[in-house]
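The listed protein sequences derive, respectively, from chains C and V.
Residues 130 to 459 (the numbering used here) are what the first sequence spells out, left to right.
Residues 404 to 824 (the numbering used here) are what the second sequence spells out, left to right.
Keep in mind the hints are simulated off the structure, nothing from the lab.
Note that CB positions come from ideal geometry on N, CA and C, so glycine has one too.
Fair warning: there could be bad hints in the mix.
[Unchecked claim] A few chain C residues facing chain V, derived, Cβ under 7 Å:
#: 1; residue: Met161
#: 2; residue: Thr164
#: 3; residue: Tyr214
#: 4; residue: Trp219
#: 5; residue: Trp223
#: 6; residue: Ser226
#: 7; residue: Ala233
#: 8; residue: Ala241
#: 9; residue: Ile244
#: 10; residue: Thr292
#: 11; residue: Leu373
#: 12; residue: Gly376
#: 13; residue: Val405
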Amino acid sequence: MTQQPVKFYQTGTFTVGNRLLPGDERAVQANMRRTNSLNSGHRACQGCGEALGARYAIDAAMQATGNRVIAINATGCLEVFSTPYPETSWQIPWMHSLFGNAAAVAAGVAAALRIKGGKGAKVIAQGGDGGTTDIGFGCLSGMFERNDDVLYICYDNEAYMNTGVQRSSATPPAARTATTMSVGRHPGNVFGTGKNVPLIAMAHHIPYVATASVANLRDLEAKVTRAMGVSGARYIHIHVPCPLGWGSQPADTIKIARLAVESGLFPLFEAVDGEVTARYQLRRRVPVEDYLRLQRRFAHLFGATPDTQTIAAIQAMADRNVRTFGLEAA
Amino acid sequence: MLKQIEGSRAIAEAVALCRPEVICAYPITPQTHIVEALGEMVKKEEIEHCEFINVESEFAALSVAIGSSAAGARSYTATASQGILFMAEAVYNAAGLGLPIVMTIGNRAIGAPINIWNDHSDSMSMRDAGWIQLFAETNQEAADLHIQAFRLAEELSCPVMVCVDGFILTHAYDRVDIPTQQQVDAYLPRFEPVQILDVDEPVSIGAMVGPDAFFEVRYLQHHKQLMALDLIPRLADEFRQKFGRDAGGLIRSYRCDDAETIVVALGSLVGTIKDAVDGMREAGHRIGVVSICSFRPFPLAAVRAALVRAKRVVVVEKCFAVGIGGIVSDGVRKALAGSQVPTYTAIAGLGGRPVTQKSLVGLFESAQGDALEQLNFLDLKRDVVEREIARGRKQRRAGPSAEAILRDLRALRSGIPLGAA
Ligand SMILES: Cc1ncc(C[n+]2csc(CCOP(=O)(O)OP(=O)(O)O)c2C)c(N)n1
Ligand code: SF4
Ligand SMILES: [Mg+2]
């Protein structure tokens, strides 16, 4: 019998062709029995990466636990667009308390489940980059350090979107936000030293840390599934483009997310007990410029005279990621 | 069982008898002994089916309790002073979500200047957050109020603060009757939550609420407090029947029957005032005291009924609304609205300044002659204040006033002339 080579990736997109896979290997979203935990009808903007990421993440977690997920949400876009009273998109037990306490509230839920039996339920805390890397950072570190049985998911759209696109500690250098305007001698955000929360999570030696992207949803699902199979504190940091805040086309959300990965600006990796165990090897490395050009928040870099110096500095960040995370096949 | 124990220990033992399921805490003087004792009891498995969680801040402590309470566990925490301010956002949140958490406050002043001693500024700062606030007069009552607090919180689905004077009660060794487990079990049924995060019946809790419904949700918090006005006395009655002693209730009157002057106070201060009143009664003065146990809800009708026949009312309070004056007296004046009873405010005991019988008697005697201002500051060192104000007038860069006042007091004590430092 002659063998026909199977092409798993559609040309140009790297998206897994689901229909070519056996049923049990297909994406959770491809399954008729997916739970639609974050149901349609919510009020996110078109092309919202956060809505997409949350939908995939929570459905994957539901499948991994036999539909036994309780979610605690920090204040932010995800919370607001999913639950304008009296409507809710959540098909799972879900609670929003405050902006900065999701990790602690989730730790409390986990403690109650431990004491009360809990019907095998598992707890997920989720929030934006602001609720995670800034105001919720203390509670997050506490939850890590105690190794509470919680998966924390950060949807990183690199600014405080819900309040109108202000800078957070996850905002990249040079990016224009409402509080780092593209004016003056150094337009956009400062070149600081950055704050890499996945690495900080690893420094707590928690059992599982991963980064993921809406550009690679199958990988995102797999990581969430893996995380749900582990007990203790776990952290997944998902890169989610925000058309409104980034000034990008809603149709380009996946493309931009992919360029962030393929340029090396957003490395995808997994770490177990504080050590990197897997990283996504770049297939076709692209210059950061390809990523930056599609977003109006970086438009000031590409005026009449492009700011080559700043672009080079951002390229250097990507190059450093490629080196330190070993993103390029040797 | 009668025990000679520290107030904190008595509170911890009472909480333990309530079968808490999640306890979380962050240390702050004077609350520490309570949670240390509970931590030990959980570790020794003297409290069964209970998690003790050491958290990284008070904000996290109450947040953990919010999560555990929403997941159906009887939840407890304790704090004081800076701690309650640090958790302020979660204090409002727990009430807004209607979670029956019980929290002890070891009442302590709020800085700056930093000060670990007793007054009521801390819990008063959260008086409008939607929590029920009960003030304990003695260590026996502090212990007993916790047992009532869980029952009250869970019946109304509303959080309750039990306010206990820092050091004066928390660190005092006293004789306390600790009830038996059977007694407490007969009084406090299992926690049946009205809302719960349950995978079999998913609900969304804490959704975004706009102008169309926020008002009503907030009003329902007030409604719970109004219901508490009925429930608190009923629970106190039932407590008396089952435990054979008085604790809680809305207010308590002491020697008020024919009193012309009635003093109003909260917490352990009431004991000192009762002694002063006893002395004055012996000298023939018609004076009594009303102690307010339930500060939230504020029992307007009960306070009015207790005070309206008096010739004057003196509210002695360990808190101070800077820029206006009394806090408790505001409530008392509301209760007496339309009546002709003059109400005097005396701010006393801030930052742990001793409130002595001598000063109290002086205050009450002036009140009897109606020789008081509306707002009085008991034992405030006026001369020190005047000197500091004068110093500040003399030079722009006067420096921090707390340090200056301490220097001034030291100079006074040592006899070195002022200005020589
Ligand atoms: C204590 C507190 N401070 C500020 C806010 C205002 N606030 C609400 S959402 C938000 C931004 C959320 O940003 P992020 O966590 O990145 O989530 P996103 O909306 O971008 O998804 C801010 C600043 C708040 N709700 N609470
Ligand atoms: S502002 Fe951004 S994160 Fe928020 S809903 Fe719109 S696209 Fe999503
Ligand atoms: Mg954000």
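Hint check results:
1. Interface hint at Met161 (chain C): violated, since its Cβ lies 20 Å from the closest Cβ of chain V, which is beyond the 7 Å cut-off.
2. The beta carbon of Thr164 (chain C) comes no nearer than 10 Å to any beta carbon in chain V, farther than 7 Å, and the hint placing it at the interface is violated.
3. Interface restraint check for Tyr214 (chain C): the shortest CB-CB distance to chain V comes to about 4 Å, inside 7 Å, so the restraint holds.
4. Checking Trp219 (chain C) against chain V by beta carbon gives a least distance of about 5 Å; that is within 7 Å, so the hint holds.
5. Look at Trp223 (chain C): its Cβ gets to within about 5 Å of chain V, closer than 7 Å, so that hint holds up.
6. A hinted interface residue such as Ser226 (chain C) counts as satisfied when its beta carbon comes closer than 7 Å to some beta carbon of chain V; here the least separation is about 5 Å, so the hint holds.
7. Checking Ala233 (chain C) against chain V: minimum C-beta separation of about 4 Å stays under 7 Å; hint holds.
8. The beta carbon of Ala241 (chain C) is positioned within 7 Å of a beta carbon in chain V (closest approach about 3 Å), and the interface hint is therefore held.
9. Proximity of Ile244 (chain C) to chain V holds as hinted, the smallest CB-CB distance being about 5 Å (cut-off 7 Å).
10. A least Cβ separation of about 14 Å between Thr292 (chain C) and chain V goes past the 7 Å threshold, and the interface hint is therefore violated.
11. Interface restraint check for Leu373 (chain C): the shortest CB-CB distance to chain V comes to about 18 Å, outside 7 Å, so the restraint is violated.
12. A hinted interface residue such as Gly376 (chain C) counts as satisfied when its beta carbon comes closer than 7 Å to some beta carbon of chain V; here the least separation is about 26 Å, so the hint is violated.
13. Residue-level restraint check for Val405 (chain C) is violated (minimum Cβ-Cβ distance to chain V is 26 Å; threshold 7 Å).
Hint compliance for this structure: hints 1, 2, 10, 11, 12 and 13 are not met, and every other hint is.
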